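Trainee: As you go down the protein sequences, you meet chains A and B in turn. Residues in the first sequence are numbered from 1 upward in steps of one, following the numbering used here. Residues in the second sequence are numbered from 1 upward in steps of one, following the numbering used here.
Fair warning: there could be bad hints in the mix.
Result set (DSSO-like, lysine-lysine): computed pairs, CA atoms no more than 30 Å apart in a straight line [claimed, not checked]:
1. K339/B x K280/B
2. K267/B x K2/B
3. K333/B x K321/B
4. K339/B x K321/B
5. K107/B x K85/B
6. K280/B x K27/A
7. K267/B x K296/B
8. K27/A x K339/B
9. K27/A x K321/B
Computed beta-carbon distance windows for the label pairs [unchecked claim]:
10. R221/B x D14/A: 29 to 39 Å
11. T367/B x L22/A: 14 to 24 Å
12. R61/A x Q55/B: 21 to 31 Å
13. R61/A x T367/B: 28 to 38 Å
14. D15/A x P194/B: 43 to 53 Å
15. A64/A x R158/B: 40 to 50 Å
16. R61/A x G10/B: 36 to 46 Å
17. A322/B x A64/A: 46 to 56 Å
18. L182/B x P56/A: 53 to 63 Å
19. R249/B x R61/A: 18 to 28 Å
20. Q55/B x P56/A: 29 to 39 Å
21. D14/A x P194/B: 27 to 37 Å
22. A64/A x R129/B: 12 to 22 Å
What the hints contain is simulated information worked out from the structure, not anything from laboratory work. Every value quoted in this text rests on a predicted model; they were computed, and no experiment measured them. We treat Cβ as the ideally placed atom computed from N, Cα and C, and that holds for glycine.
The primary structure of each chain is shown beneath.
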Amino acid sequence: MCLAIPARIVELLDDAQGVVDLGGVRKQISLELVDGVVIGDYVIVHVGYALSRLDPVEAERTLALFASVELPGGAAA
Amino acid sequence: MKYVDEYRDGSVATQLAAAIAAEADPQRRYAFMEFCGGHTHAISRYGVSDLLPPQVRMIHGPGCPVCVLPIGRIDQAIRLALEHKVTLCAYGDTLRVPASAGMSLLKAKARGGDIRMVYSAADALALARDEPTREVVFFAIGFETTTPPTALVLRQARQLGLRNFLVLCCHVLTPSAIGTILESQEVRQLGTVPIDGFIGPAHVSTVIGSRPYEFFAEEYRKPVVIAGFEPLDVMQAILMLVRQVNEGRCEVENEFTRAVNRDGNLKAQQHVSEVFELRKSFEWRGLGMVPYSALKIRSAYAEWDAERRYALNYQGVADHKACECGAILRGVKKPTDCKLFATVCTPDNPMGSCMVSSEGGCAAHYTYGRFRERVA
Ligand code: SF4
């Protein structure tokens with residue numbers, strides 16, 4: 001029940017509710033636990049509530065970290 | 001899908017595997033525990049263990065909320081439905097967990113209990129609001145990720161003055177479980193279950209932040225790397241742990257910076273501390289009674305506390321004799337060490353809780369493990 005994937009906010013509704021797109025599936029979720037979410041943001045959704053917002057800059061940085069792994073022999077990939 | 005596919009790239013996984021193999025010293029053994037069921041699931045599903053060199057071993061931890069739910073708590077929920085005739089709302093995963101006397105919530109439903117599967121705590125609250133003649137109890141389980149939503153619905157119930165909504169609170173805390181594993185006799189006995197480091201939970205850490213793990217790194221001299229749930233996240237975290245071990249460092253590092261910071265979600269933490277307080281002790285399946293490891297509802301919210309309203313006392317119940325869930329949850333045994341694994345105990349007919357949820361060690365190994373190919 002901990003499994004959840006990042007979902008994109010496509011609509012903001014009243015009462016701190018929002019609609020997310022999960023790979024083509026739209027779902028209404030609660031945004032009560034996160035502040036200042038705007039349309040286009042990605043959030044981590046768990047049991048119907050957004051728990052945190054994904055930071056696009058940090059996401060890029062992590063991908064760059066994967067790519068910078070030193071291969072045996074010393075050459076960076 | 002964005003933020004998913006790029007963290008599952010097979011060629012990058014191969015590179016990370018090569019880097020782990022190159023940096024892990026063949027003369028030593030590395031045993032890392034992934035605490036969280038989401039990681040157990042990712043490791044099994046993507047075959048991460050198969051990409052690791054033989055000296056690096058992953059141990060499944062107790063971070064699957066369904067797996068650590070003790071029989072006595074499910075018995076309470078069943079009693080509420082069958083004896084007190086409430087409408088019991090539960091997360092889907094809890095329905096098949098084996099309870100006492102061959103029961104489960106699903107079987108209680110077949111016997112006439114009004115048991116509903118809900119996706120979120122808000123669904124349970126909505127049911128109580130829409131049907132005021134029903135007494136609705138939300139069976140609240142889980143770690144720090146499901147606790148803030150439960151806190152929110154309790155606050156809303158109080159604001160709305162809803163008297164027919166109650167919560168059976170079984171929320172548990174991640175840091176206490178990690179502490180218990182490190183304090184456990186078997187784990188302390190050097191050589192029995194050496195744990196050289198932890199992969200810290202992804203979603204739990206979005207809520208509590210990385211700060212609570214600093215204590216473990218320091219006090220127990222164990223490295224912790226918080227990681228996201230995608231396979232590349234897990235592999236990168238393993239590489240970071242190997243490096244910490246090689247360099248003799250015991251630090252908290254964060255691989256999941258795109259969602260986790262040091263402080264966590266302060267708003268969520270505030271809701272939780274307003275509604276809940278620590279329990280002196282709580283039983284975990286597999287870990288036994290763990291002091292200060294769970295939450296109870298504060299007296300300001302006593303009217304919405306199912307345990308108080310129905311004076312439910314707690315009765316511990318032992319697991320099936322042959323079930324090794326307890327040892328598996330502490331990392332002492334593997335699913336295949338259990339005699340019942342894949343014979344008597346399968347996901348369709350679980351004997352122990354580790355076989356129920358796809359995040360449980362036994363179920364993950366059954367579904368994705370190489371063992372399947374062997375029997376096929
Ligand atoms: S295989 Fe079944 S009975 Fe054995 S440890 Fe796992 S859950 Fe328990």
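Trainee: All hints, please: hold or fail.
Mentor: Do the hints match the structure? See the list:
| no. | hint | in the structure |
| --- | --- | --- |
| 1 | K339/B x K280/B | violated (35 Å) |
| 2 | K267/B x K2/B | holds (27 Å) |
| 3 | K333/B x K321/B | holds (15 Å) |
| 4 | K339/B x K321/B | holds (11 Å) |
| 5 | K107/B x K85/B | holds (15 Å) |
| 6 | K280/B x K27/A | violated (39 Å) |
| 7 | K267/B x K296/B | holds (19 Å) |
| 8 | K27/A x K339/B | violated (42 Å) |
| 9 | K27/A x K321/B | violated (43 Å) |
| 10 | R221/B x D14/A: 29 to 39 Å | violated (51 Å) |
| 11 | T367/B x L22/A: 14 to 24 Å | holds (22 Å) |
| 12 | R61/A x Q55/B: 21 to 31 Å | holds (29 Å) |
| 13 | R61/A x T367/B: 28 to 38 Å | holds (33 Å) |
| 14 | D15/A x P194/B: 43 to 53 Å | holds (51 Å) |
| 15 | A64/A x R158/B: 40 to 50 Å | holds (47 Å) |
| 16 | R61/A x G10/B: 36 to 46 Å | violated (22 Å) |
| 17 | A322/B x A64/A: 46 to 56 Å | holds (49 Å) |
| 18 | L182/B x P56/A: 53 to 63 Å | violated (36 Å) |
| 19 | R249/B x R61/A: 18 to 28 Å | holds (21 Å) |
| 20 | Q55/B x P56/A: 29 to 39 Å | holds (37 Å) |
| 21 | D14/A x P194/B: 27 to 37 Å | violated (54 Å) |
| 22 | A64/A x R129/B: 12 to 22 Å | violated (48 Å) |
The structure does not agree with the numbered hints 1, 6, 8, 9, 10, 16, 18, 21 and 22 stated previously, though it agrees with the rest.
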